[in-house]
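Please put together the full structure from these sequences, using the hints given.
Chains as they are written, first to last, in the working numbering: chain A, 1 to 1046; chain B, 1 to 367.
These are calculated hints, taken from the structure and not from any lab test. Everything numeric in this text was worked out from a predicted model, so none of it was measured. Check before you lean on any hint, since a few could be wrong.
Residues from chain A that face chain B, not an exhaustive set, calculated with beta carbons under 7 Å [unchecked claim]:
1. GLN792
2. SER811
3. GLY823
4. ASP830
5. PRO832
So these bits of chain B aren't anywhere near chain A, every CB distance computed over 12 Å [stated by the list, open to error]:
6. ASP105
7. GLU133
8. ALA149
9. ARG186
10. VAL235
11. SER335
Glycine is no exception: its CB is placed at the ideal position from the N, C-alpha and C atoms.
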Amino acid sequence: MKRLLLLLAILSSSAASMELMAQSGQVVVSGTVVDNQDRLGLPGVTVSVGSPERALMATDANGQFTVRVESGATLHFHLIGFISRSVKLRPGQTSIEVVLNADDNQLEEVVVRGYVSRSKEETTGSSFTINADEIRDNPVASVESLLQGKVPGLNIQVNTGAPGFRGSTQVRGLSTLAVSGTGSESFLQPTSPLYVIDGVPMDADKASEFGFQQQGPGISPLSMIPQEDIESIEVLKDAQATSLYGSRAAYGVIIITTKRGNSKIPRVRYTSNFFMKTPPKLRETLGGNAERRLKINQILQNTLTREDIERISRTPFLADSLNAYYNNSTDWQDIFYQTTYNQTHNLAIDGGDPKFNYKANLGYYGETGIIKNTGFERYNLSMNMEFKPTEKLRFFGSMYGSIGKQKKGDGVGLLQKGVAENGQSSTLLPGPSFFQASSGVISALRTMNDNSARNLRANLDARYMLIEGLNVSSNISYDFTANLEDTFTPAAANQQFAKVYAFAGREFTLYNRNSVTYSKDFNEDHNIFVNVFNEFYKQGTQNRVTRQERSPEDQIQGPWGYDAYFSRGGGVLSNFRDARLASFAGAVSYNFRKKYVVDLSYRMDGSSGSGSENPYSRNPAVGVRWNFHRENLFENSEWLSNGALRLTWGKNIVPSRSLDALYGRYNLVGNYNNNPGILIDFDKLPNPYLKPTTTEQYNFGFDAGFFNNRFEVIFDAYYKEVQNLEMEKFLANSTGFNKFYSNDGGIANYGYELYLSARPLSPNSPVNWTISVNGAVNKDVLISLPPEFNGQAIHWDDSWAKQHTLFRVGSNTLSNYLRTNQGVYATDEDVPVDPATGLRYRTNGRFFEGGDPILKDVNQDYILDSRDYEMSGNSQPRVTGGIATMLNYKGFGLNVYASFTLKRTILNNALADRFRLMGDPFGNKAVVPLDGLDMWRQPGDIAKYPYAYDYSRYEQIDPFRLDQTLWAEEGSYLKINQVTLSYMFTKKVVHRIGLSNLRIYFSTDNLVTFSPYSGPNPENVTSMGRDASGGYPVPRTYTLGLNLEL
Amino acid sequence: MKMTKSKFGIGKAALFLLPLLAGLSGCREMFDLPEEKDYLGKNLNYSDMVLEPILGRTTVMGGFNADGSTMPLTFEIVNARYGDGRPVTDLFQVRPTWVWTAAYDGLETSLEEINAKRKLEDRPLFEIRPSGEFVLWGSSSNELIEPRAADSSRLTQEIRYFDVKISNTGGDTIIRDFQIIPWRERPYEPSNDMNYYTGEVARDPNDPRNPFKRDYILPFMQGDIIGAQSNRRFVNNEQTKDLVAYIRPFEGGNGNKLRFRFIGPDSANINPALFNETKWDRLVHGFNMEMTEDYVQYDVAYPIPLVNIQTHYTQGNSAHVEFIYSRGAFGGGRSSGAFGLNFRIFKEGDWEIVFHFRNELPKFEDE
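What follows is the structure in C-alpha cells.
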C-alpha cells in the first residue's frame, strides 16, 4: 500500500520531479507527520515545496512520506483541520518528523445550517462545536452529560445518577413557566434542545412527559447513542442558527454527526473501558445501642407527660435491649447501595475513500446501578456508507439499531423513594435474612423490573448536482422505537399478593426532506448561496399499560386473566399521538469577499397539532457578519489571525401544542336513552384563540483569534424573549368550567457568553498545553402575566411540603415562596408578644419558645399561618460554565475538565428530612448524629438550626417544616468532572505487537465538587432546585480504558 | 515599522470592543424590562365590614385577606364620617392604654412583676395595625365614644363609617364603607344581669315585662350544698335561684382590689373562713390577700384574666374561682360542697364579687 501511494505521488508529480532531478544536490527525504495530541501518524497530509507551492505527495495511512527535493529546501505540510507548517531542511537532512497542531480555530470549521454544511466564516449565527476528542475516555450512558461545562450557554445539570436517564439541558436560560408536581418532586417542564443526528431530528424530551410520575422505561433517546461513534457535536444557540430547524428549535439545536469511513486501508478500532462506580458519602446514622440510648434520653429529657415515660417500657424495641430481634446494628443503607464494576466495548470498522466509504460500529455499554436492582445496558450496531459513483451523484445511507435494557427496581428511575424510605429504618431492627425481611426491602431488592427500548433507524440521502453549484437532494428516514416494561412485585413485598405491571409502547417517525441548493461566485467577489427545502414528518406514539393488583402467586406471572376488581389501570396512555408536520424553508446567504456576510432565512411549519386559527409557525431570521480580519488594515497583521462581529435577529413562532387547550376534550359520559353521551370536559374551557408562543432573539457576537489562533475569544451577548406562554386561569363557577388557558405569560432572558482558549506554550515546545475557560451569565426576568393577575401568580404546592413557587413580573421567573427563617429564638423571652392581646407569637395554637425557628411574621398579626409567605431565591442558576486543560508531552496526556454553576438557590430538603428523623423517638426510623450542626441546645444559644430533640414540638410548631428559607442554600459549585491520564505507546512498540496504535488511560468522573452547600451534592437536585432525599445519587466513576487500532 | 503597525492595530481593535463594553452595562434599561414591584392583590377584602366591638375591652377585629399581596402593607383609616357626612373624631382620641411588652405567664409573684411586662402607652381608642386588623383599646368607654342607641335603633346618620386605604410600592387601593357600631361597656362577664343597650339591670328573661324582677349571674354549684333549715339541696334553675352573684364596684379600695363577699338572705356577711377547704392563696392571680370576717380581698391587675392563656387561675378564657367547704356527714364521713364562678372583669377599679344565698343560708354544721 505504502509503495503504491509512493508510486502515485511520484507519478502525479512526475513532471516536477524530473525537473528537480535535473538540478544538483537532490536528496530523498522521508519522514512522518504526526498530530500534536496523540502523536498519531496523519494520513493525507499534502507535502509541497517551493513558492508558489507545488504539491509533491500526500502522506500514507501511517503518516509517512518520502519525497525527493533539493537539499535545504523548505517543505510545506497542509491538512484540513490542522495548522499548516513549513520546515526548512538542514543541508543533507534526509529524515524528519513533523508535528502538526490541530486547528482549533472555530472560524475555519465547517458548521451545519439547515442541514447543509457551511464554512463557519460565512455564517452569521452563534454556534459552538465539540470534537470527538473532548467527549472520550469517560464511559457514560448519555453522551449529553459530557458536554457539561464545555459549551458556553449550554446549561447541563447531571442531576440524576440513575443509569440510562439524563439530567436537564437548557440553552440560554429558561423558556417555560410550566411547573408541576409538589415538594421535592416539583418538576419543571424540560425544554431540551432539538437533537439532529446525521440530519435526522429527534426529540430528547420524549421520555419525560409525565415528570416524575414516569410511565414505561423512560430511557432517554440520547442514551441510545454510543459516544465512541460520535465525530462532532455542534450546539446552535441563536435564532439565526436555529431558524431553519423550525418550531421545535425554539430551545436550541444540537447537531450530532457520527463518524464516517475515512481511511484507504480498512481500520479496526477497538475501545474498551472497565469502570467502577462508587456511591457518594451516604447519610451518617447512629447505630445499635447509640440509637437506643439517644432515643431514650431524648424522651426522658423532653417529655411533657408521664405517659411518654411509661411508653418506653411498652415499646420493646427501646426497652428490650436483650431481645435478639432488637439487638442489632444494621447498616440499612449498605443493603441498598453498592459499589459496582462495569465495562463497555466498542468496535469500529471503517474504510474507503471519498468515492466509496463505509463504517460499522458495534458497541456494548453495561452499567450496574449503585442502588441495587437498578442498571442499564445498551447494545448497538450502526452502519453507514457513502457512495459517489460520479462527481455529480452522491448516496449516503445509514442503519442504526440499538437495544437499551434498564432495571429501575421498585422506583421510577429518577426517584427511588422505596430505597430512601427503607434506608432510614432503625438500625435496631434485624437486617434482611433468609427467614425474614421487611416488605420494603423485598420490594426494593426483589421487584423484577425488566424494561427495554428497542430502536431502529434507517436513513437514506441522495444528492445530485444538476449544473455546477446547483444541487438537488432528498433524504428519507424512518425511526422506530418499541418500549416495553414488565414489573413483577413478589407477594412478600405487596401485602402477600403478587402484583404485575406491564407497559408496551411504540413510536415511529417517518421523515422526508427534499432540498435544492445553489451556490455561485460572481467575479470572485460576490458569493451567493441559496438553500430551499421542505420537510415532512409523520409521527405516532401509542403506549398501553396493564396493571393487575393481585396475581395468584409468585410462580405465576402470567397470563393474568381479568378480574373486575384487581385489574386496574390499563388502556392507552394520554400521550397517544398521531401527528403530521409539513415545513417549507428557504435561506439566502450573500457575502462579499467573505468579508461582509448577510443571511436571510424563513421557515413555515404546518402541524396537525395546531388549531385552525393559527395553523403555521413561522421563523424569520436575519443575520449579518463582518469578518474584519479580512480588511486591508489587518491583512498582514501578525497578531490577529481572525476576527468577526456578528449580529442576528430571529423569531420562532410556535402554535400552542395541545389540541385540547384549543378545542376542549370530549368524554364519554355514560348512556342516556340507550345512546352514549359525549360531553365536553368541564375542567377546561377550550380557547381556540390561543396565540402562538413566540420566541424572539437578538444576538451580538464577537470572535477573534490572535497569534495564529493561539489565543481565541468568542463572546456573545443575547436577548431572548419568550411571549405568549400558557397560563392556567381559574374561572368563576357560574361559567360551568373550572379553568381555562390564556397565554399571556412572557419571559425574557438576557446574558453573555464568553469562551477563552489559549495555547500558552510555543508550537515547537515538546509540551502541548491548551487551556480554555468558558462561562455564561443568564438572567431571566418574568415580563408578563395575564393582566388580571396584576403581576403575580403563585403555583401552590398543596402537598405537606408547601414549597410554593412564585411568579412575579419584573423579577426572576421562578422564585420560591416560603416562610422567611430569621434564626432560632435563643430564649422564650425573645418571642414577640402581641401588644393588644398579650399573647406570644404562635402557630397552630401553640406559642413559640426558645429553640424554635424564628419564622418571620410577614403580616404582623402575631400568628404564623398561611399568609406568612414571602418571595425568596431563584431556583435557576445565574452563571454556568467550565474550565478545561489538556496537556500532552510525548505519549503522555493529562486532561482535566471542570464545570461550575453559580448563584442558584437550592432547598436542602434532604437535610430537613434528616432532622425530621428525630421527630418520633418511638418510631422505627434511624436517628442521625447532630453533633456537627449548629443547633440550639439550651436557652441562650444563638444557633442556625432549631432544637431537634423536643419531639413534642413537631406536631404544631413543626420546626423543620420544609416551607422555610432555612433550607434555602446557595447552590454554587465547582465540579471536577473528569481527569484523564493517558499514555500513547510509541509506534515502535506498537508495531512490534502487530497493532498500529495503542493508547491506555485512566480517568475519573465526578471526582470532587467544591461548594458552600451543606448537602452532599449541589448538582443532584431537581430542575426546581430541590434536593430530594429520594433522588438517585450521582456516583463517582473510576475508569481504566484502552483504545487500540489494527 | 512592523511594531508600529501592530500597535495601531491594537488601538483599532479597542474601538471594536467599545460597543461590547456598552452592551455589558445596563441591559435592563436597554431592553425595557418591567421593574419589579410589590404585588397588590386585586381581591383585597375583609370578612368583617361591620364592626360591633364592646367598648372598654381591647378587641382585635377584621379578618383581612391580603390575597397574596407583598408585605408590608400600609393601612390607613380614612374618611371617617357619620352616615350623614359629619366627620367622626371621637374614635381617634388618644388615651393611655395598657400595651403588652413581654409575655404574661401566670407565674408572676407581684403586681410590679406583672406591670413590668406591660406599659401604659398613648394610643388612639380605635386604630388599624400593620396587620390590617382593627384594634379597639380597653381605654375606650361610654363617655369617650357614644355607644349605639339605648332604644336599639340604628339610624344611618348615627352610624360611624370609614374607609381603609391599603398601599405598598405596587400601588394602593381603598376598601370603602366599613361600619363601626360599638356596644356600650360591659365591664364584666358574665353580664347577663345587664341590659346591653341601656346598661341598666336586666329583667328576668322569664318575665321580661315585670320591672320588679331581674336577671341574675348564676354561679356553679357542686356537691353537697344544702339549706341550713330546710336541708334542701340548693339549685339554680329558671324557677329557683338559691345562689346568685353580683359583680360590682365598691368604694374605699386603692383602685386595684378584688374582693369576694358572701351574704345570706338577710344581706348579712358570711365569714369566708367558713368555706374551710378553699385554696385561698391560689384563688386568683392576686397578692396581699386580706381575709376578714366579712370578706376576702386581693391586690390584682386588671383586666382579669390578663391574657387569654391557660394558668392556675383560669378555665377557658375566664378566671375561675372555686369556694369549697366540708362538714361532717351522717355516718362519720365528710360531705363537701363547692361553688364558684368563671368571670372576667375588663375595667380597672375596685371590684367585689358578691355571692348571695338568696333563700336560705347553707348548712355549715356537722350532721
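Comparing the hints with the structure gives:
Because the smallest distance between the Cβ of GLN792 (chain A) and any Cβ of chain B comes to about 4 Å, under 7 Å, the interface hint for this residue holds. Satisfaction of the interface hint for SER811 (chain A) is found here, the shortest Cβ-Cβ separation to chain B being roughly 4 Å, below the 7 Å cut-off. Nearest Cβ of chain B to the Cβ of GLY823 (chain A): about 19 Å, over the 7 Å cut. The hint is violated. For ASP830 (chain A), the interface hint is violated, since its Cβ never comes within 7 Å of a Cβ in chain B; the closest pair sits about 10 Å apart.
For PRO832 (chain A), the suggested interface contact is broken, since its CB lies about 9 Å from the closest CB of chain B, more than 7 Å. The Cβ of ASP105 (chain B) does not lie farther than 12 Å from every Cβ of chain A; its closest approach is about 9 Å, which violates its non-interface assignment. Listed as a non-interface residue, GLU133 (chain B) fails to keep its Cβ farther than 12 Å from every Cβ of chain A; the least gap is roughly 6 Å. Distance to chain A confirms ALA149 (chain B) as a non-interface residue, since its nearest Cβ pair spans about 28 Å, more than 12 Å.
No Cβ of chain A comes within 12 Å of the Cβ of ARG186 (chain B); the nearest lies about 18 Å off, and the non-interface call holds. With a least beta-carbon separation of about 37 Å from chain A, VAL235 (chain B) lies farther than 12 Å from that chain, consistent with its non-interface assignment. The Cβ of SER335 (chain B) sits about 32 Å from the closest Cβ of chain A, beyond the 12 Å cut-off, so the non-interface label holds.
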